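**Student:** Residues per chain are reported as follows:
Protein chains: 2
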Amino acid sequence: MNAHDQRFGLDRRVTLALPLALDSGAALAHVEIAYESYGTLNADASNAILICHALTGDQHVAANHPRTGKPGWWTRLVGEGKPIDPARHFIVCANVLGGCMGSTGPGSTDPATGKPYAMAFPVITIRDMVRAQAALLDHLGVGTLLAVVGGSMGGMQALEWAATYPTRVRSVVGIATAARHSAQNIAFHEVGRQAIMADPNWAGGNYYGVGAPTAGLAVARMAAHITYLSEEGLTAKFGRRLQSRDALSFGFDADFQVESYLRHQGLSFVERFDANSYLYITRAMDYFDMAEAHGGRLANAFTNTATRFALVSFTSDWLYPTSESRRIVRALNAANAHVSFVELESPHGHDAFLLDAPEMNRVVDGFLRAVETL
Amino acid sequence: MNAHDQRFGLDRRVTLALPLALDSGAALAHVEIAYESYGTLNADASNAILICHALTGDQHVAANHPRTGKPGWWTRLVGEGKPIDPARHFIVCANVLGGCMGSTGPGSTDPATGKPYAMAFPVITIRDMVRAQAALLDHLGVGTLLAVVGGSMGGMQALEWAATYPTRVRSVVGIATAARHSAQNIAFHEVGRQAIMADPNWAGGNYYGVGAPTAGLAVARMAAHITYLSEEGLTAKFGRRLQSRDALSFGFDADFQVESYLRHQGLSFVERFDANSYLYITRAMDYFDMAEAHGGRLANAFTNTATRFALVSFTSDWLYPTSESRRIVRALNAANAHVSFVELESPHGHDAFLLDAPEMNRVVDGFLRAVETL
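Chain order of the listed sequences is A and B. Sequential numbering of the first sequence, starting at 126, is according to our numbering. Sequential numbering of the second sequence, starting at 126, is according to our numbering.
The following block holds chain A by itself, in its conformation from the complex (with noise of 0.2 Å):
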């Protein structure tokens, strides 16, 4: 680790000192939880943001991934100069409980058996995965966080967040997020899930060391990977374009620019991605349902809360699209929480929260700022 690396944080492991408490009624014990952190936390320790990252995100939120060597993966919201400053806010990001960057997940050697956990790892929640890191901001000595930040899954965690520790967050930014899967969401995971499970390579989940069930897990990023995009935006990316040939080759190569695409999708995947992660943390998306576990109404889960919200969400995001953000915004309203709730242009889709989107960074921005003068 360099100097800059020591400033920033980065690559960093803590083992939990505590088992952890899981919503199915296990317990894990020896967690690790990968993390970056980027700034400094001030005097009063009043600085600090967690960013939760989406499904197949990871800690490398502002800087470069060790094993890809792209740019962190939300560097147009993370930076100097940018929303969310490492001049002006104590940022941390945490792999998820069950992920494979360094966080335990079944890739993880279970200490039981000195094997990985494969199938034997537990269940998990989305509420797992924020209690991780409650426990890694207690180990980092941050007690309550300026705001908790995530799209997509980041923003399950940020909603989750305010409703298992509503004194611990002043504020939650939720971009195109959801507070349940719905039956489509679910569909879509279960055809990943299936993708997976019917290759032979993945054995029952005990792969590792073997050979990773990669053809499975390549078709499930592709599945997924279209609900990520808009019609409309994979209609004015590769409409009916064909791959560096003049004509349908009348075979089953690629022939569309939109197969090819979605084959490097797929490809490209499995080289950073671990099958069972996969499976665990769809399976904790799909068991997400914020109003379920409040006695069936979304409201209760944030009764008499003090934390502020902003939520966001994408014209053209048909994954979580922006009435789920509204039914959000309904239930807030409800519980007489403060929130501020945007839908934005976009052709870009689900996705569009990961790309250039100079309104959210404007949202974003006035959004901490106020609640920093609070």
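Hints in this document: simulated from the structure, not taken from any laboratory. Here the structure is a predicted model, which is why all the values come from computation and not from measurement. Among the hints, a few may not be true.
Pairs involving identical chains hold if they fit within one copy or between any two copies, as the list cannot separate such chains.
[Unchecked claim] Listed next, the in silico DMTMM-like pairs over lysine to aspartate or glutamate satisfying Cα-Cα at most 20 Å (straight line):
(1) K362 x E417
(2) K240 x D490
(3) K195 x E396
(4) K240 x D378
Given the coordinates of chain A, work out where chain B should sit on it, guided by the hints.
**Tutor:** Same frame as chain A, now just chain B:
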């Protein structure tokens, strides 16, 4: 074959006399076409209606399916007292070229080798399917069709009939259909094809008599099936309801009814469909773009046509949405063709055309009766 079958021409096959010239430049000899017919051709041969089936449909449109025992797939529209009525019409429905219900397809024996074609089968197009149907109608002594009627891929064939054989088609009914496959349509099909090809049992297509790639085909079907339903339909039908359990299992069994439903769709599909046929027919659909085939202008496909058109779309169909039907209507208007169009309210997504749709029946009935009086 009993007396009923004789009257209704169930489960018939014909071998085309001449080789079929294909869009790819190849020619297929000894093409068999499996078909059913209902009713009788009248004296002036003016009452013939061709029904075209969708991707996974077959010729058993109004009689029980011999393999599953289930009623025909369009008995709501076709049958005694229905808009398409064997008492009034001579109704023909053929398994498409490339199919697996009796018409020549990749699972058929290649006369040149004595073995199944498998991936040596030529890539076919929607127009090739239409050519095979035209040859069948020649054989049956049907010159001009009162109507070609189809939903989804069946509607594509109906539109292609008007373009390829304009003088043989008095009218076209295209329901929940498109004149081209969009990038998103291609993307979903590519996921399905990759799922099949990722199954080691696919074995480059040479699985006949060995063991079919059922796991891959089931995943393909599951992914496709989601696109046949609407988000609201899935929510209404399943929501987050659990599968015969009081609580989440914290495991990977089908907790949610929608998971169990999708798995069932996948498993039952592989019992009646051939994986290679799925590859070839989805490829034909992806290749379909009537504008591309006519100098880049859809109206050119219908220039000076005397054919009358009725188009029907459904509000919640996101596979072939209303916007695509409107595009066809605009092209038909530009070509000075007679066209009527209606968008029907339905929560059932693309599958609405196969379900109880009294308004659709009224539209088809009124349209056909008007054409019959011309």
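**Student:** Tell me, please, which holds for K195 and E396 at an alpha-carbon limit of 20 Å: within, between, both or neither?
**Tutor:** within (14 Å within a copy, 45 Å between copies)
**Student:** Quick one: K240 to D378, C-alpha cut-off 20 Å, is that within a copy, between copies, both, or neither?
**Tutor:** neither (40 Å within a copy, 24 Å between copies)
**Student:** Go through the copies and call it for K240 and D490: within, between, both or neither, with a Cα cutoff of 20 Å.
**Tutor:** Classified as neither; 45 Å inside a copy, 67 Å across copies.
**Student:** Reference check for the pair K362 and E417, CA-CA at most 20 Å: within, between, both, or neither?
**Tutor:** between (39 Å within a copy, 18 Å between copies)
Taken one by one, the earlier hints fail for this structure at numbers 2, 4, listed in ascending order.
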